[in-house]
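**Student:** These are the residues of each chain, in order.
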Amino acid sequence: MNKYTDVLIIGAGLSGLMAAAKAAELGKKVTLVAKGMGAVGLSSGCIDLWGYNLEDPNQVCQDPLAEIARLCAVNPQHPYARVQDVLEESLLFFRRVCQENGNPYLDHRGGNWLLPTALGTLRPTYLAPASMAVGDLQQVRGVLVVGFRELKDFYPDVLAANLKKSGVLQADCPLNTLMVCAGGGELTPNTLAHRLENPAVVDRIVDQIKPHLLPGAVLLLPPVLGERWDSQVAKNLAEKLGHPVYEVANIPPALPGQRLQQMLLHHVKGQGVEVVIGCTVNGARVADKRCTEVLATGAGKPIKISAKTVILATGSFLGGGLESKPGKAWESIFRLPVEIGHEKWSARDFLSMAGHLFNQMGIKVNEHLRPVDKTGEVIIENVMVTGANLAGCNHPIEKCGNGVAVASGYKAGKLAGEVGE
Amino acid sequence: METDKVQVVVIGGGATGTGILRDLALRGIPAVLVEQGDLAHGTSSRFHGLLHSGARYAVKDKEAARECIEENMILRRIAPNCVELTGGLFVQLPEDDPQYADRWITACAEAGINCEEIDVQELIKKNPVLSPNVTRAFKVPDCAVDGFRILWGNVNSARRYGARVLTYHRVSAIHQSNGRVTGVELINQLNGQKRSVECEMVINAAGPWGGEVAAMAGLEVNVIKDKGTLVAYNHRLMSMVVNRLRPPGDGDIFVPHGTITILGTTSTTVDNPGCTKPGHNEVLELIKIGQEMVPELESYRLIRAFAGVRPLYQENSAAGGRSVTRNFALLDHRQRDGLAGMVSIVGGKFTTFRLMAEKTVDLVASQLGVNAPCRTAREPLTAPVSEELLERGKKVFGVPGAKKAAERLGDSFAQVVEQAEKNPDKGRIFCECEVVSLAEIEHAAHSGDSFTLGDIRRKTRMGMGTCQGTFCSYRILGALSGYPQFAGNHREYLTKFLQKRWKGMRPVLWGQQLREAQLSTGIYCTLFAMERMR
Chain W
1 MNKYTDVLII
11 GAGLSGLMAA
21 AKAAELGKKV
31 TLVAKGMGAV
41 GLSSGCIDLW
51 GYNLEDPNQV
61 CQDPLAEIAR
71 LCAVNPQHPY
81 ARVQDVLEES
91 LLFFRRVCQE
101 NGNPYLDHRG
111 GNWLLPTALG
121 TLRPTYLAPA
131 SMAVGDLQQV
141 RGVLVVGFRE
151 LKDFYPDVLA
161 ANLKKSGVLQ
171 ADCPLNTLMV
181 CAGGGELTPN
191 TLAHRLENPA
201 VVDRIVDQIK
211 PHLLPGAVLL
221 LPPVLGERWD
231 SQVAKNLAEK
241 LGHPVYEVAN
251 IPPALPGQRL
261 QQMLLHHVKG
271 QGVEVVIGCT
281 VNGARVADKR
291 CTEVLATGAG
301 KPIKISAKTV
311 ILATGSFLGG
321 GLESKPGKAW
331 ESIFRLPVEI
341 GHEKWSARDF
351 LSMAGHLFNQ
361 MGIKVNEHLR
371 PVDKTGEVII
381 ENVMVTGANL
391 AGCNHPIEKC
401 GNGVAVASGY
411 KAGKLAGEVG
421 E
Chain L
1 METDKVQVVV
11 IGGGATGTGI
21 LRDLALRGIP
31 AVLVEQGDLA
41 HGTSSRFHGL
51 LHSGARYAVK
61 DKEAARECIE
71 ENMILRRIAP
81 NCVELTGGLF
91 VQLPEDDPQY
101 ADRWITACAE
111 AGINCEEIDV
121 QELIKKNPVL
131 SPNVTRAFKV
141 PDCAVDGFRI
151 LWGNVNSARR
161 YGARVLTYHR
171 VSAIHQSNGR
181 VTGVELINQL
191 NGQKRSVECE
201 MVINAAGPWG
211 GEVAAMAGLE
221 VNVIKDKGTL
231 VAYNHRLMSM
241 VVNRLRPPGD
251 GDIFVPHGTI
261 TILGTTSTTV
271 DNPGCTKPGH
281 NEVLELIKIG
291 QEMVPELESY
301 RLIRAFAGVR
311 PLYQENSAAG
321 GRSVTRNFAL
331 LDHRQRDGLA
341 GMVSIVGGKF
351 TTFRLMAEKT
361 VDLVASQLGV
371 NAPCRTAREP
381 LTAPVSEELL
391 ERGKKVFGVP
401 GAKKAAERLG
411 DSFAQVVEQA
421 EKNPDKGRIF
431 CECEVVSLAE
441 IEHAAHSGDS
451 FTLGDIRRKT
461 RMGMGTCQGT
471 FCSYRILGAL
481 SGYPQFAGNH
491 REYLTKFLQK
501 RWKGMRPVLW
511 GQQLREAQLS
521 TGIYCTLFAM
531 ERMR
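Each protein sequence line maps, in turn, to chains W and L. Position one of the first sequence corresponds to residue 1 (full-length UniProt numbering), numbered consecutively onward. Position one of the second sequence corresponds to residue 1 (full-length UniProt numbering), numbered consecutively onward.
Hints listed in this document are in silico derivations from the structure and should not be mistaken for laboratory results. Incorrect hints may have been included.
[Claimed, not checked] Simulated crosslink set (SDA-like; lysine to any residue; CA at most 20 angstroms straight-line):
| # | chain 1 | residue 1 | chain 2 | residue 2 |
| --- | --- | --- | --- | --- |
| 1 | W | Lys325 | L | Glu285 |
| 2 | W | Lys344 | L | Lys60 |
| 3 | W | Lys325 | L | Thr466 |
| 4 | W | Lys328 | L | Asn281 |
| 5 | W | Lys165 | L | Thr466 |
| 6 | W | Lys328 | L | His280 |
| 7 | L | Lys500 | W | Lys325 |
| 8 | L | Lys288 | W | Pro326 |
Work the whole structure out from these sequences, hints included.
**Tutor:** Set out below in structure tokens:
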């Protein structure tokens, strides 16, 4: 099968979907192919922009945009330095798409939210879905952590013990835990979320929680409150209880990331983007520094796709965009070079504050997101690289992965939209 | 300070020490085993899990070979749930000396090891991962053995006869008076409390720490610490143990265990008996040599690397590494050094642990004036799990879960099944990779010997599979938060557990395992911000 398109996006993660949304909005014919569902579904569902101060990496950053501007000055190799021009615009675009689809993302007066996780740690993030956007924990007059007996991945006592240790709550703030039953059996987050879409089940939960509510208490629950991105489960639960209810970030599978992914997929399909999931790109033909054809397999059949622009949103090693052997790493479709440096790929401590080199490995690009070689020469003119594929980003430590994905995906989509006929 | 009194103190909670404890207990000699960490944290869990037929040693060390085949047959009989009857192969490649094969065949016959030449074409057809260049191949009675299960079998059996075990107790002094050992002083490694135990005899079965223990009694025992690195593949690459038919060297043994395969080993002399860091270069070297037997080795997924320290014994210290005998030595310090009441058992290998224990306890019993004969070769280590119990297990844990748990738990399987029957929530599988239920985890947590997530890992195998604990460690911490020893210190417990797993993953961080590492940092750093947790 042969396909022709203006913009071919490879990868259905956050940056690929952003690129698709923007390029489609600019009137391009867009095709998105992906092997799997993309890592945004595994993520917290929040948009982390920049977590901590450059000078003091233990201090939560109060003004991420200003901090990123400083970062770009001191570290011009960081991917943010390639997308700084569109950063704010990309965030506005993202929020508009979310708003239009009934899954509003909220900011915290331009600063960082400090949101509790299932482990009871606190994570700074810039944009959170309404269901996760717990306001200032310092101000709350009580916390009730509610778990489900059916779920084996959420433990109110663990959350409560560590949240207390984090010191964010006032010393006299009551912090209680409760296990409720949503009908019994063993459920995954997805099957529980499905069950909670039934109002009768929510009513039963409300009955179990009500006797334990203290005045002014905020409720923290696992990220299972509703299946779809426009689900009303969290809102209904809060209304019925008369108390604010929030989901906290947890290990995958977790619904907020999946909702974001499903929402963006729904959105781009609505914009006319052709989406082919389960399509593996095996290679490409490149002539005269241009990609003329991408070779893929979908449903067991070979597919050849020609595109004016190809956006490589294949998601680092985790997504399969980068591959490795001892002492070697490369990009899997175009064999673009991946600099490995001379240092060890990983730090001795798993939780090292310096992070691991393998998370920073990736493809070097110029200001147009085109892949470049060591000398800065563009390797393929009509290919752009986005998201976790970009070199120089220590995202697990800096807390900027989804931010870089939003901005670089948006920029690639925008640049692809500017490519003439 | 707490003071205890017992007839014999055994130092070291490895295969040898626990084997000795069981032997003492079966002969009615009151004993306490003291171990500085958890049972099986050292060499006994850090090897390829090969129950030798002895064929590997036949040419160089006939006595060791003969002991191996005898012990191999005994362990199959007394501990069927710990031994996987894979059978073994010796394969010769074109670059191997063909004359060695002939010497080897004769030596095996002399040692009483059955070896049968098989058709190479047939072999390659059945085991397509093997090199098509194999020139000759022989079947031998090698097996795969589970070191953890053997150890726990020893301990459970010894406890039934009244023996005691003190884990996380390090010996800080060995007391003596008038040329006789009178007792040991211990430090609890978890709370720093001291404790002393008066005894008539001390048995030093500390493996690589044997020299250090002897030194506390003012004795010199030369233990050569020989580090061996191994790697675990996430596939059952072959159905049988595969050895290279040439003088023993690095990277020439593959041992299938359940769904994985272990490739080993290397040999490097180290100073520190606790040095279990697998070397990156050693791993690459192992794979390179392993490729000669399995050419496609690079395309298989590695789970982790690990290393153990072999305690080799040489009366005079000139040799090292592979030239030192794999045989064991029993040192009677009364005769050797004029210190009564102390013996050291050094050298040897896992396969012959029971024999080492028997010889040691023969000596100790004679010095204590006890006439009871050794019973460890006849009495089963664990009772087999009945079909009926297994069927009940399948109802609560599912078929694979029940089978695996029955093999792991042996005698304790009945209790765990009962727990899950009483409370179906406990039948839930918490470690999906190794199919470990909450009931089994709680059983390990209840045992009284579990103080860290690592202790539970060793007893249950949770966190040892493909994901290397990324998912189950967090989950299990939550499930155990009601236990006083696990409550309230989540950061420390989780960090320690993840760090131990990381140590094994780091040397094999490429291909699929690098993806796994990105997922793991994605969860614990990106999502949980655990690197900054207070």
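**Student:** State for each hint whether it applies.
**Tutor:** Cross-check of the supplied hints:
| no. | hint | result |
| --- | --- | --- |
| 1 | Lys325/W to Glu285/L | 14 angstroms, holds |
| 2 | Lys344/W to Lys60/L | 40 angstroms, violated |
| 3 | Lys325/W to Thr466/L | 18 angstroms, holds |
| 4 | Lys328/W to Asn281/L | 15 angstroms, holds |
| 5 | Lys165/W to Thr466/L | 32 angstroms, violated |
| 6 | Lys328/W to His280/L | 14 angstroms, holds |
| 7 | Lys500/L to Lys325/W | 23 angstroms, violated |
| 8 | Lys288/L to Pro326/W | 12 angstroms, holds |
Violated hints, in rising order: 2, 5, 7; the structure is consistent with all others.
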